[in-house]
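Enquirer: What follows is each chain in one-letter form.
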Amino acid sequence: MDGVRVGKRVIGAQAPVTVGWENIPRVEGGPVKQFVFTWFQPTMLFALLAFWYYAPNSIAKTSTAIGIGIAFKVLLLGLEWVNPRYASWQLTWKELVTDLFYVGLGYTILRMVDSYIGSDAVIEAIQHNFHAEKFTWFTGLPLLVQAFLISFIFDFGQYWMHRGMHNWYPLWLPHSVHHYITQLNINKGAVGNPVELFLIGLGIGGLFDFVPRAFLIAGAFGMAIGVYQHINVRFNSPRWWRFLFNTTEHHSLHHSQDFEATRSNYAGSYIFIDRIFGTCVDGEAELLGMEGGRRMSIREQMTYPFTEGWKTLKERFGRQVAVPAE
Amino acid sequence: MGTAPPASPSSTRTLWPDPGAKVQPDASSDTDSRVGNLFKGDNVNLRFIDWIWHVRGRLAIAPEQSSDEAFERLTPLFRQTGTSFQRTDATLTFRKKDQAAQDKMSIFDGGVLRIEQDGAGPVLRYHLISRALLFCFLAPLLFLAFAQLTIFTSKLQKPPTEAASTSGKAAKGSQKPAVEKAPVPLNPIDKFLGAPEPEKPKKGDEEKLGRRGKKPSPTPAYVFAGMFAALYVIGRILEDRLIKRLFKKSLQVS
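Protein chains in written order, with this note's numbering: chain A, 1 to 326; chain B, 1001 to 1254.
Derived from the structure by calculation, the hints contain no laboratory data.
Even glycine gets a Cβ: it sits at the ideal position worked out from N, Cα and C.
Among these hints, one or two may not hold up.
[What the hints assert, rightly or not] Derived pair list, reagent style DSS-like, types lysine-lysine, alpha-carbon separation capped at 25 Å: (1) B:1104 with B:1244; (2) A:134 with B:1248; (3) B:1244 with B:1097; (4) A:61 with B:1200; (5) B:1191 with A:61; (6) A:33 with A:73; (7) B:1248 with B:1155; (8) A:61 with A:73; (9) B:1244 with A:311; (10) A:134 with B:1200; (11) B:1104 with B:1200.
[What the hints assert, rightly or not] Under 10 Å between C-beta atoms, here's a sample of chain B residues computed to sit facing chain A: (12) 1075; (13) 1076; (14) 1077; (15) 1199.
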């Protein structure tokens, strides 16, 4: 495999990937289907923004956001069934059970741990020391500007955290498990070693039912853009959308079996952050995973970072057994 | 420690046929005992409960089809990544490890297929084992345990007594007089566009924020326990039918 030169890198020398938007297949079907799968993403984004912008205070709550989030995912599961990107990514009973197990961990035990020692505790500490009067310049900005800045700053942090995970071995160990997924679908974002899920704070939020509206709108940005990273749906995303936002195409390349391709497209929502730092590659891949697409069992997913870390430590610091000379 | 994550294109997976697989071409004629050999530890008679993760079935084969021919037709199902199998005259024993999501038999980890002569003609008997089914069956118990843990930890967090809270408030009050916080007014652009004015936070709201909001609730754990119980029932019925259909389709003489 020759691969394709993108800047200074050669992408796709180890495993098949598609590079360049012009090479990515379009939605097949009649004009109605084409229309729906072209405008679905922008429509949902603007609809959600409008909802949170105008929702009365009585319903502008985190619990409403959680409800909408679950309903939206169910809708997207339906779209995966109607218009899958790849048949090889189609959901099976076993994959659904595996994914829901991780989604369940996020809603239960991880949320509980987070509430005591994790991100929620950090939020609490911040709130105790938070002086609202110092931020009136920010809270006086138009709501949408506030919301965009909140989601952008969060995504900027996620970009560097994620890039760090791919470049620093101790962080790579817990993240590596997520890269053993061999197909994308709407719940795959939740699949990973609990240490990583704890680190990135998947259990964050949900315990606060009183948050400023700007945070709810910021959440809508995250949900209506970031949710498509792991989806198995073929969209004709508008040109401006795929220039600004992360898409399943970008993220499939990030999960491909090609090493160089995995070192691209780190942002969660705003792919323009990758464009700024030179890590964006426009394209897609079907064959995903590590070790040639080996699927990891849940048991191995739970223990892998520790067993691998132990192996590495032993290799590096273990006693060399002296072999007596004959 | 600056090494990049390894992404070896070469695979360490079990390739077919795997000479190292511990599949026994034993002489036993009983399909169940073969499966027992396949998975050591299942030797205890678990017949009454093993239907939870064992799928058994039988399928009539066309009388003109020999067992050799039938297995030839079934063999492609076992030429999958991570699958090893062994065939004797009338028996096929297989084992799977790290099977691909796209493998049509990915739910099963091992099993025995055997062609026998019935009164009406040849039949394919199969006995398959699925750890995924067992996992899904046990998952509700795990989530119920999470629910109990949530309740237990909530109880540990005793709410402050009224006296303590009033004395605390008094102490706080002596240090810092309570200031009524007015909500930040809306930006003129938002006013023009008609966004609702923010409400003045209610008394309880600020306390909620300070005290980590609501306590973790056991409800999500109960919901997931219910979901996995439903998924188990669906999976047990669905996968039983799907595998039967798959074998039937593979055996069909075109």
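Enquirer: Identify every previously stated hint that the structure contradicts and give their numbers, smallest first.
Expert: Hint check: 2, 7, 9, 11, 12, 13, 14 fail, others pass.
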